[in-house]
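*Asks:* Chain by chain, the residues:
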Amino acid sequence: MSQYRIVGQSVKKLDAVDKVLGKAQFAADIHFDGMLYAKVFRSNVPHGILRSLDVSKAEAMPGVVVILTGKDVPGSNSTGMIVKDEPVLVKDNGKIRKIGDPLALVAAETEVLAEKALELIEADIELLPPVFDPVAAMTDSSPKLYADGNILAVRKIRKGDTGVVFRQCAVVVEQEYRTQMVEHGYIEPEAGVAKLDGDVVNIWVSTQNTHFDAKEVARNLEVGLDKVRVIQAATGGGFGGKLDISVQVHLGLLAMKTRRPVKLVYSRTESIINSSKRHPCTIKMKTGTDNNGKLLAMECTIIGDTGAYASYGPGTLTRTAVHATGPYEIPHVTIDAHTVYTNNPTAGAMRGFGVPQVAFAHETQMDILAEKLGISPLEIRLLNALRPGAVTATGAELKQSVGIVPTLEKTEAAAKPIINSQCTHVTSQKKRGVGMASMWYGIGNTGLPNPSGAYVNLLDDGTALILTGCADIGQGSDTTLAQIVAEEFGIDMADIRVVSADTGITPDAGASSASRQTYISGNAVRLATQEAKKVLIEMAAVMLGVAPGDVVVGHKELCVRADSDQSQFLADCLSECRLDLGLSPKGKGQSVSLVDCIAQCRIKGKLTLGHGWFNPDTTGLDPETGQGIPYATYAFATQIAEVDVDTESGEIEVIRIVAAHDVGQAINPINIEGQIEGGCTMGLGYALTEEIQVSEGKILTKNLATYLMPTALDIPEMYPLIVEEPEQTGPFGAKGVGEPTLIPTAAAIANAVYNAIGVRFTELPITPEKVLARLHERQNA
Amino acid sequence: MCKWGVALSRKSISFTLNGEKTEIEVEPTLLLVDMLRNRLGLTGTKIGCGEGDCGACTVLLDGKTVNSCLILAMQVEGHEVLTVEGLGTYDKLHPLQSAFIAEGAVQCGFCTPGMLLSAKSLLDENPQPTRQQIAKHISGNLCRCTGYAKIINAIEKVANS
Numbered sequence: 001m002s003q004y005r006i007v008g009q010s011v012k013k014l015d016a017v018d019k020v021l022g023k024a025q026f027a028a029d030i031h032f033d034g035m036l037y038a039k040v041f042r043s044n045v046p047h048g049i050l051r052s053l054d055v056s057k058a059e060a061m062p063g064v065v066v067i068l069t070g071k072d073v074p075g076s077n078s079t080g081m082i083v084k085d086e087p088v089l090v091k092d093n094g095k096i097r098k099i100g101d102p103l104a105l106v107a108a109e110t111e112v113l114a115e116k117a118l119e120l121i122e123a124d125i126e127l128l129p130p131v132f133d134p135v136a137a138m139t140d141s142s143p144k145l146y147a148d149g150n151i152l153a154v155r156k157i158r159k160g161d162t163g164v165v166f167r168q169c170a171v172v173v174e175q176e177y178r179t180q181m182v183e184h185g186y187i188e189p190e191a192g193v194a195k196l197d198g199d200v201v202n203i204w205v206s207t208q209n210t211h212f213d214a215k216e217v218a219r220n221l222e223v224g225l226d227k228v229r230v231i232q233a234a235t236g237g238g239f240g241g242k243l244d245i246s247v248q249v250h251l252g253l254l255a256m257k258t259r260r261p262v263k264l265v266y267s268r269t270e271s272i273i274n275s276s277k278r279h280p281c282t283i284k285m286k287t288g289t290d291n292n293g294k295l296l297a298m299e300c301t302i303i304g305d306t307g308a309y310a311s312y313g314p315g316t317l318t319r320t321a322v323h324a325t326g327p328y329e330i331p332h333v334t335i336d337a338h339t340v341y342t343n344n345p346t347a348g349a350m351r352g353f354g355v356p357q358v359a360f361a362h363e364t365q366m367d368i369l370a371e372k373l374g375i376s377p378l379e380i381r382l383l384n385a386l387r388p389g390a391v392t393a394t395g396a397e398l399k400q401s402v403g404i405v406p407t408l409e410k411t412e413a414a415a416k417p418i419i420n421s422q423c424t425h426v427t428s429q430k431k432r433g434v435g436m437a438s439m440w441y442g443i444g445n446t447g448l449p450n451p452s453g454a455y456v457n458l459l460d461d462g463t464a465l466i467l468t469g470c471a472d473i474g475q476g477s478d479t480t481l482a483q484i485v486a487e488e489f490g491i492d493m494a495d496i497r498v499v500s501a502d503t504g505i506t507p508d509a510g511a512s513s514a515s516r517q518t519y520i521s522g523n524a525v526r527l528a529t530q531e532a533k534k535v536l537i538e539m540a541a542v543m544l545g546v547a548p549g550d551v552v553v554g555h556k557e558l559c560v561r562a563d564s565d566q567s568q569f570l571a572d573c574l575s576e577c578r579l580d581l582g583l584s585p586k587g588k589g590q591s592v593s594l595v596d597c598i599a600q601c602r603i604k605g606k607l608t609l610g611h612g613w614f615n616p617d618t619t620g621l622d623p624e625t626g627q628g629i630p631y632a633t634y635a636f637a638t639q640i641a642e643v644d645v646d647t648e649s650g651e652i653e654v655i656r657i658v659a660a661h662d663v664g665q666a667i668n669p670i671n672i673e674g675q676i677e678g679g680c681t682m683g684l685g686y687a688l689t690e691e692i693q694v695s696e697g698k699i700l701t702k703n704l705a706t707y708l709m710p711t712a713l714d715i716p717e718m719y720p721l722i723v724e725e726p727e728q729t730g731p732f733g734a735k736g737v738g739e740p741t742l743i744p745t746a747a748a749i750a751n752a753v754y755n756a757i758g759v760r761f762t763e764l765p766i767t768p769e770k771v772l773a774r775l776h777e778r779q780n781a
Numbered sequence: 001m002c003k004w005g006v007a008l009s010r011k012s013i014s015f016t017l018n019g020e021k022t023e024i025e026v027e028p029t030l031l032l033v034d035m036l037r038n039r040l041g042l043t044g045t046k047i048g049c050g051e052g053d054c055g056a057c058t059v060l061l062d063g064k065t066v067n068s069c070l071i072l073a074m075q076v077e078g079h080e081v082l083t084v085e086g087l088g089t090y091d092k093l094h095p096l097q098s099a100f101i102a103e104g105a106v107q108c109g110f111c112t113p114g115m116l117l118s119a120k121s122l123l124d125e126n127p128q129p130t131r132q133q134i135a136k137h138i139s140g141n142l143c144r145c146t147g148y149a150k151i152i153n154a155i156e157k158v159a160n161s
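Here the protein sequences line up with chains A and B, keeping their order.
Residue numbers for the first sequence, in full-length UniProt numbering: 1 to 781.
Residue numbers for the second sequence, in full-length UniProt numbering: 1 to 161.
For the record, the hints were derived by calculation from the structure and aren't laboratory data.
Watch out, some of these pointers could steer you wrong.
Said to hold, decoys possible - In silico BS3-like cross-links for lysine-lysine, where the CA-CA straight-line distance does not exceed 27 Å: (1) A:Lys284 x A:Lys372; (2) A:Lys84 x A:Lys95; (3) A:Lys71 x A:Lys215; (4) A:Lys84 x A:Lys227; (5) A:Lys294 x A:Lys284; (6) A:Lys294 x A:Lys431; (7) B:Lys64 x A:Lys23; (8) A:Lys71 x A:Lys57; (9) A:Lys156 x A:Lys294; (10) A:Lys23 x B:Lys157; (11) B:Lys64 x A:Lys12; (12) B:Lys136 x A:Lys702; (13) B:Lys64 x B:Lys11; (14) A:Lys144 x A:Lys71; (15) A:Lys556 x A:Lys606; (16) B:Lys136 x A:Lys430; (17) A:Lys71 x A:Lys84; (18) B:Lys21 x A:Lys604; (19) A:Lys12 x B:Lys92; (20) B:Lys157 x B:Lys64; (21) A:Lys399 x A:Lys416; (22) A:Lys431 x B:Lys136; (23) A:Lys71 x A:Lys227; (24) A:Lys12 x A:Lys556; (25) A:Lys215 x A:Lys95; (26) A:Lys84 x A:Lys144; (27) B:Lys21 x A:Lys23.
Please model the complete structure; the sequences and the hints are all you need to start from.
*Replies:* Below, the structure is given as structure tokens:
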């Protein structure tokens, strides 16, 4: 039972009614009269120099309104999340670094005509030798994508002395792991519409960060940021893939050029080819313990293929490095994480942001170590789990809200009665197994400022308007933020309207990424509410004749605190003040209604308007040692998976997943369960079926018939469990949950597969072909 | 002019759309989903892939689910089409719509219209499906947000009510 009135309640999502009625307006649903349709002409080679483009035939085609090429970009002609290395349109004699690089834009009267015009554009491209293997790309003899070479970043973490300590370890496990490239797979492909309004370019778009988008558009259009308004349309999922620029700048350019509304909607294949992907990683990990299983040392080298452009690559690999120990205290750590350019598709942010890859490695290591030590997977985790006072690999001391142990205990307790209890159908052909995996995840950007701002306006009738830049991409942030404000003001959900992610109206709240919005924007809206509330409380104190410190907010009223020592002197003052305010000398005594209090504020010329911003307390990481405080708080989780492995077909069926997540304080439990179930399902795909197959830089799995995401028939019984270890700096104690839900799933499934058939997989996905090959290998050995 | 540059004659078709007689002139190459979204302004039906893989464009044709991206507008001549716009209204939500909201089955909402129509066709032909039957029936509708559990819960809730 929550100690709060609205925080902790599974209130309905604010956008759910529009969405079930089909009324929610996604970008592709927007229509304007006189609207043009855009298409992008793209490179079909992975590496080259664009010598020239012949657009004359396409330009001459009836119905084609304009064709833009690199020379038509007035501004910087570059975008990028961290490094501005992606061309908006490759210029003549400019470099092509991947299949899909944009070379020209077409705007035509219909979508069909725009598509037809693409076929008439001819590109003269001088081919350059490509590089697709990140290890080869790191060598001096490799073809170079950039003048500075292909190694974009190396994140080092150094703590203690692993060289010496490994010699003292009783048990050491060393293993190489490989994880595959995967696709976000949001069901809505990228889409947007642009329309000029005077000298302002309005862009409605499917996005996770309108304020970033606006900056990229302004820089490339060479107009002031005040002349660009990016408005988030209803967004059909993001998972990190809608952080990068897709249609935004192209739309801005075409709207400016034609002065007509323009729409650009990606096809599914265009989306798969051009959106960023999860980094494929090679991870070499060496982990050592003492005789009892206490972790002493870890060495880890990670190579992440970020493809042709940086996107969020260096941030992702930094996070991979910081999280490589898992949620365990290890006194001696050496980690190197390399972000490497190749001519493969670009990899960037995807739910988990580099941590699912390394969780697969550290959680497999834990199980191998436990087996060698003769202790259980639970025992080795409990023995090493982070606890308050523990020091992480970056030298940060965790002081509070360290919920890994409770997630281990809760998962184990919940799993015991249900797991392995219904094995009747298991035959000699089908083997059942159980596996466990844990994770930790820092909330917010790694060692970087990432503030969020908000305005809250308490209106005359006691309803409130929240203005926040936070993009709700389906995860429910509008609802979560409204709950925080409703709780703080003592009003109902029906009394709140949230206006979010519109750069013309709302303050910057940063990206809906890094599981940061509940914690960071939650704090921002709470601070804004508190600023407005201060005015109310001061007025209520006058009206009630008590000190402001003795006023508390109740449900649509302000009350004298139960334990206040309201003196006769104050009671006398009360009568006097009330007379001054034109009220009868006898007040209600113990409370004043919210609307009366607001009315009194207005009479006195006071607005109940607040602003707030919050930036998590972090420090940068030292470039040589990685030491620092990367995050203000962490989420923790443990999942247990139960699988059946068919030894004839090689198929793996996941039967159950029990998942306990420490969220600090649940703001909306049903939405958190939805995150957990959705994350576990995405993690199941990562473990078993999903892989973006790339050959010579070309994506082979370019539609949803060949890229296999879980369907309703593939899901296990899921048991989402919420653990609440309140975070002192969080809004009502809340942290975050979106990304953690997927992080341990693949590792738990891989450990369960080992438990079932005794085969250890160190490469994802674990396909039936791989299972059969390994079983045959063992049979023949 | 159609996609292949060959002029094909437009034809007037008549069908029942969300309970109302509708007449519209269409060209032979026009897809049902494009007619609904672009000609009739019914944008509740979504396009997630355009290839019949994701189910976001699911509508009911004579009560059966079809991917509206895979059939031509002309094929609905004389038939009944139900889209999400015909399922319920702000004042009177369909029980499935209410259940989807209450059970937390809606996240980004892009798969939701198609998912609701698949659910309706199932309950119309089998009012008491098992969870396995529900899962099988909606297995052509991809959802990337929810992990399907709460969608199945919502459909089961309506079946049991």
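*Asks:* All hints, please: hold or fail.
*Replies:* Going through the hints against the structure:
Pair hint Lys284 (chain A) plus Lys372 (chain A) holds up; C-alpha atoms about 19 Å apart against a cutoff of 27 Å. Between Lys84 (chain A) and Lys95 (chain A) the alpha-carbon distance is near 14 Å, which keeps this suggested pair within the 27 Å criterion. At roughly 20 Å between alpha-carbon atoms, Lys71 (chain A) and Lys215 (chain A) fall within 27 Å of each other, so this suggested pair holds. Distance check on the hinted pair: Lys84 (chain A) and Lys227 (chain A) sit about 21 Å apart at the alpha-carbon level, within 27 Å; holds.
Straight-line distance between C-alpha atoms of Lys294 (chain A) and Lys284 (chain A) comes to about 21 Å, which keeps the hinted pair within the 27 Å bound. The hinted pair formed by Lys294 (chain A) and Lys431 (chain A) fails the criterion: a straight-line CA distance of about 32 Å is larger than 27 Å. A C-alpha spacing of about 23 Å is found between Lys64 (chain B) and Lys23 (chain A), which places the hinted pair at or below 27 Å, so the restraint holds. Annotation: proposed proximity of Lys71 (chain A) to Lys57 (chain A) holds, straight-line Cα distance about 18 Å (limit 27 Å).
Using a Cα cut-off of 27 Å, the hinted pair Lys156 (chain A) and Lys294 (chain A) holds, with the two alpha carbons roughly 24 Å apart. For the hint linking Lys23 (chain A) to Lys157 (chain B), the alpha-carbon distance of about 24 Å falls within 27 Å, and the restraint holds. Restraint check for Lys64 (chain B) and Lys12 (chain A): the C-alpha separation of about 30 Å exceeds 27 Å, so the hint is violated. The hinted pair formed by Lys136 (chain B) and Lys702 (chain A) meets the criterion: a straight-line CA distance of about 25 Å does not exceed 27 Å.
With a CA separation close to 25 Å, the supplied pair Lys64 (chain B) and Lys11 (chain B) stays within the 27 Å bound. Annotation: proposed proximity of Lys144 (chain A) to Lys71 (chain A) holds, straight-line Cα distance about 25 Å (limit 27 Å). Proposed proximity of Lys556 (chain A) and Lys606 (chain A) is supported: the alpha carbons are some 19 Å apart, at most 27 Å. About 22 Å separates the Cα atoms of Lys136 (chain B) and Lys430 (chain A), which keeps this hinted pair within 27 Å; it holds.
The straight-line distance between the Cα atoms of Lys71 (chain A) and Lys84 (chain A) is roughly 18 Å, inside the 27 Å bound, and the hint therefore holds. Our distance criterion of 27 Å between C-alpha atoms is broken by Lys21 (chain B) and Lys604 (chain A), whose separation comes to about 60 Å. Between Lys12 (chain A) and Lys92 (chain B), the direct Cα distance comes to roughly 17 Å. Compliance with the 27 Å bound is thereby established for this hinted pair. Only pairs whose Cα atoms come within 27 Å are accepted, and Lys157 (chain B) paired with Lys64 (chain B) is accepted, the gap being roughly 21 Å.
The hinted pair formed by Lys399 (chain A) and Lys416 (chain A) fails the criterion: a straight-line CA distance of about 31 Å is larger than 27 Å. Taken as a hint, the Lys431 (chain A) and Lys136 (chain B) pair is honoured in the structure, with Cα atoms around 24 Å apart against an allowance of 27 Å. A hinted pair counts as satisfied when its Cα atoms are at most 27 Å apart, and Lys71 (chain A) with Lys227 (chain A) qualifies at roughly 22 Å. The straight-line distance between the Cα atoms of Lys12 (chain A) and Lys556 (chain A) is roughly 20 Å, inside the 27 Å bound, and the hint therefore holds.
This hinted pair checks out: Lys215 (chain A) and Lys95 (chain A) have alpha carbons roughly 24 Å apart, not beyond 27 Å. Between Lys84 (chain A) and Lys144 (chain A) the CA atoms are separated by roughly 18 Å; this keeps the pair inside 27 Å, and the hint holds. Between the alpha carbons of Lys21 (chain B) and Lys23 (chain A) the distance comes to roughly 22 Å, so the proposed pair stays at or under 27 Å and holds.
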